[in-house]
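*Asks:* This is what each chain is made of:
Number of protein chains: 2
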Amino acid sequence: MLQKDRYYMKQALLEAQKAFNKKEVPIGAVIIFEEKIIARSYNLTKTLNDVTAHAEMQAITAASTALGGKYLINCTIYVTVEPCIMCAGALALSQIKRIVYGMNNKKQGYHRVSHSFFHSKTTVTNGILAEESLALMKYFFQNKRQK
Amino acid sequence: MLQKDRYYMKQALLEAQKAFNKKEVPIGAVIIFEEKIIARSYNLTKTLNDVTAHAEMQAITAASTALGGKYLINCTIYVTVEPCIMCAGALALSQIKRIVYGMNNKKQGYHRVSHSFFHSKTTVTNGILAEESLALMKYFFQNKRQK
Chain D
2 MLQKDRYYMK QALLEAQKAF NKKEVPIGAV IIFEEKIIAR SYNLTKTLND VTAHAEMQAI
62 TAASTALGGK YLINCTIYVT VEPCIMCAGA LALSQIKRIV YGMNNKKQGY HRVSHSFFHS
122 KTTVTNGILA EESLALMKYF FQNKRQK
Chain R
2 MLQKDRYYMK QALLEAQKAF NKKEVPIGAV IIFEEKIIAR SYNLTKTLND VTAHAEMQAI
62 TAASTALGGK YLINCTIYVT VEPCIMCAGA LALSQIKRIV YGMNNKKQGY HRVSHSFFHS
122 KTTVTNGILA EESLALMKYF FQNKRQK
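Top to bottom, those sequences are chains D and R.
Quick note on numbering: the first sequence equals residues 2 to 148 in our numbering.
Quick note on numbering: the second sequence equals residues 2 to 148 in our numbering.
Hint data in this document are derived by calculation from the structure and do not stem from the laboratory.
The structure displayed is predicted, hence computed values, not measured ones.
Keep in mind that the hints are not guaranteed to be accurate.
Pairs involving identical chains hold if they fit within one copy or between any two copies, as the list cannot separate such chains.
[Said to hold, decoys possible] Think about it this way: if two alpha-carbon atoms lie no more than 30 Å apart in a straight line, the pair counts; the simulated DSBU-like pairs of lysine-lysine are:
(1) 122 x 107
(2) 122 x 108
(3) 37 x 98
(4) 37 x 145
(5) 37 x 108
(6) 37 x 19
(7) 145 x 98
(8) 122 x 139
(9) 145 x 5
(10) 47 x 107
(11) 98 x 108
(12) 107 x 145
(13) 122 x 24
(14) 122 x 145
(15) 122 x 19
(16) 122 x 47
(17) 24 x 11
When you get a sec, could you build the whole thing from the sequences and use the hints?
*Replies:* Structural data, given as structure tokens:
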């Protein structure tokens, strides 16, 4: 499991790097169904002028389109940073099977409100490639402050 | 204030009626800036096969497009039903000035998780035309069960 998790999180990190290259907060996500990536996305809030354009939200919409149904019951999402409340709420609505995230987000993450508001069958794993995600985020915000 | 609130909530109810006509859970929303409606929307989760297509989410995106900026600092949203966690999270991110909703939603509403996760300057009013909203929702779910 861990090896697979690291592989898919690496794919999410590649998406985060695309966000970084567009001067967006570098967060990326992929959604997996039957061991295939059915959605890839990265944060685009600045480019699209839209607070709802988080990586997870776009990934949920894309995965639903790929599957032709709105529930992601047999899917796993890999996202580089702990989801915010909006994204956690959306993942709860999607009834996704498993959520895997990298680094914690104490300020914006869903844990600051509640530890358990997902569907009862949803499992959560955190800390996968967290250091890589943290390094990218730190580099982004350091660069931003220096400008 | 109350008269204006009732006027704008009536507009949101007209949107909810459009959702009803499409066999969607009948929830509607409008966003106001300088006393003008800059966004109108209604729930489209079934039509779009997308759990993120709630009325509020679409309204936030449309209002941001109308204003050319992602923050809704001087806007008010009118929504016929208490927002869910996803939508409340999105409204928090948008830093919207005021949230006005109609009926409470004990099962899905954001209050089941937290009473206060909006921006510190955001105010909330509830109960505006709540009976009208409840009547529409009840009629929808009664009809659904009978089929």
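*Asks:* Please work out whether the CA atoms of residue 122 and residue 107 approach to 30 Å or closer within one copy, between two copies, in both situations, or in neither?
*Replies:* both (25 Å within a copy, 21 Å between copies)
*Asks:* Pop the pair residue 145 and residue 5 into one bin, within, between, both or neither, using alpha-carbon distances up to 30 Å.
*Replies:* Answer is neither: 33 Å inside a copy and 43 Å across each miss the 30 Å cutoff.
*Asks:* Classify it for me, residue 122 with residue 19: is the Cα-Cα distance of at most 30 Å met within a copy, between copies, both or neither?
*Replies:* Neither, since 32 Å and 34 Å both go past 30 Å.
*Asks:* Measure nothing new, just compare the shortest in-copy and cross-copy C-alpha distances for residue 122 and residue 139 to 30 Å and report within, between, both or neither.
*Replies:* Answer is between: at 29 Å across copies they meet the 30 Å cutoff, but 34 Å inside does not.
*Asks:* Is the C-alpha distance from residue 107 to residue 145 at most 30 Å within one copy, between copies, in both cases, or in neither?
*Replies:* within (20 Å within a copy, 42 Å between copies)
*Asks:* Is the C-alpha distance from residue 122 to residue 145 at most 30 Å within one copy, between copies, in both cases, or in neither?
*Replies:* Close across copies (26 Å), not inside one copy (40 Å); limit 30 Å.
*Asks:* 30 Å Cα cut-off: does residue 47 pair with residue 107 within a copy, between copies, both or neither?
*Replies:* Cα proximity of residue 47 and residue 107: one copy only (22 Å, versus 34 Å across).
*Asks:* How would you label the pair residue 122, residue 47 (within, between, both, or neither) given a Cα cut-off of 30 Å?
*Replies:* Intra 34 Å, inter 22 Å, cutoff 30 Å: inter-copy only.
*Asks:* Treating 30 Å as the Cα threshold, decide for residue 37 and residue 98: within, between, both or neither.
*Replies:* within (15 Å within a copy, 42 Å between copies)
*Asks:* Treating 30 Å as the Cα threshold, decide for residue 37 and residue 19: within, between, both or neither.
*Replies:* within (20 Å within a copy, 37 Å between copies)
*Asks:* Give the relationship of residue 24 and residue 11 under a CA distance limit of 30 Å: within one copy only, between copies only, both, or neither.
*Replies:* within (20 Å within a copy, 41 Å between copies)
*Asks:* Within a copy, between copies, both or neither: which one fits residue 122 and residue 108 at a CA-CA cutoff of 30 Å?
*Replies:* Classified as both; 27 Å inside a copy, 18 Å across copies.
This entry does not satisfy hints 4, 5, 9, 15, going by the numbered hints stated previously.
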